[in-house]
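Asks: Sequence:
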Amino acid sequence: MTKLTITSNHRLLIKQIFQAKNQRLLLLLSQRLQHFNLLYDGVMSYETVQAIRYSFPHLKTFSACLPHFEDFRDAIPSFMQHMTSLQYLHIGLECDNDKKNFTTQDMYDWFRRHNILNEFKLHIDTYTNSIHIWL
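Numbering (our numbering), first residue to last: 1 to 135.
Just so you know, these hints were derived from the structure itself, not from any lab. Keep in mind that this is a model prediction, so the values were computed, not measured. From the three backbone atoms N, C-alpha and C, an ideal C-beta is built for every residue, glycine too. Among these hints, one or two may not hold up.
Claimed, not checked - Lysine-lysine pairs mimicking DSSO-like chemistry, simulated, CA-CA at most 27 Å apart:
hint : residue 1 : residue 2
1    : K121      : K3
2    : K3        : K60
3    : K121      : K21
4    : K15       : K3
5    : K15       : K60
6    : K3        : K21
Claimed, not checked - Derived Cβ-Cβ restraints for the label pairs, each shown as a range:
hint : residue 1 : residue 2 : range
7    : K121      : A20       : 18 to 26 Å
8    : D109      : T61       : 20 to 28 Å
9    : R113      : L25       : 23 to 31 Å
10   : L25       : D106      : 32 to 40 Å
11   : L13       : Q105      : 16 to 24 Å
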């Protein structure tokens with residue numbers, strides 16, 4: 001298994017993967033997983049982002065919808081810098097971000113302010129309200 005996609009129907013799976021009772025599954029995934037997609041618009045905790053970062057060092061692509069991206073402003077650059085195999089990162093903004101007035105342009109400005117734009121190719125997709133990053 002090199003690809004794992006978790007949808008809203010399976011959103012509890014992400015928490016279960018990191019539980020101690022599933023350590024064998026986590027070990028297997030950490031050795032083989034290269035493509036990880038989280039296709040639900042619920043909030044991921046900072047701890048989950050960090051667990052993904054540490055547990056799946058061989059990821060080549062990571063795609064997630066992070067409706068509360070501003071909660072992860074510290075996690076995303078750290079994620080990108082420590083995932084040495086990562087080639088593509090997709091961050092989608094949906095749902096509650098409209099209420100918070102947080103847009104893809106805000107994300108772009110934030111990356112620019114932190115001087116990390118020169119490390120990757122960035123594409124802002126206003127149609128899907130998401131940002132695509134090729135490292």
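Asks: Indicate, hint by hint, whether the structure satisfies it.
Replies: Verification of the hints:
{"no.": "1", "hint": "K121 to K3", "in the structure": "holds (23 Å)"}
{"no.": "2", "hint": "K3 to K60", "in the structure": "holds (10 Å)"}
{"no.": "3", "hint": "K121 to K21", "in the structure": "violated (39 Å)"}
{"no.": "4", "hint": "K15 to K3", "in the structure": "holds (17 Å)"}
{"no.": "5", "hint": "K15 to K60", "in the structure": "holds (21 Å)"}
{"no.": "6", "hint": "K3 to K21", "in the structure": "holds (22 Å)"}
{"no.": "7", "hint": "K121 to A20: 18 to 26 Å", "in the structure": "violated (39 Å)"}
{"no.": "8", "hint": "D109 to T61: 20 to 28 Å", "in the structure": "holds (25 Å)"}
{"no.": "9", "hint": "R113 to L25: 23 to 31 Å", "in the structure": "violated (39 Å)"}
{"no.": "10", "hint": "L25 to D106: 32 to 40 Å", "in the structure": "holds (37 Å)"}
{"no.": "11", "hint": "L13 to Q105: 16 to 24 Å", "in the structure": "violated (33 Å)"}
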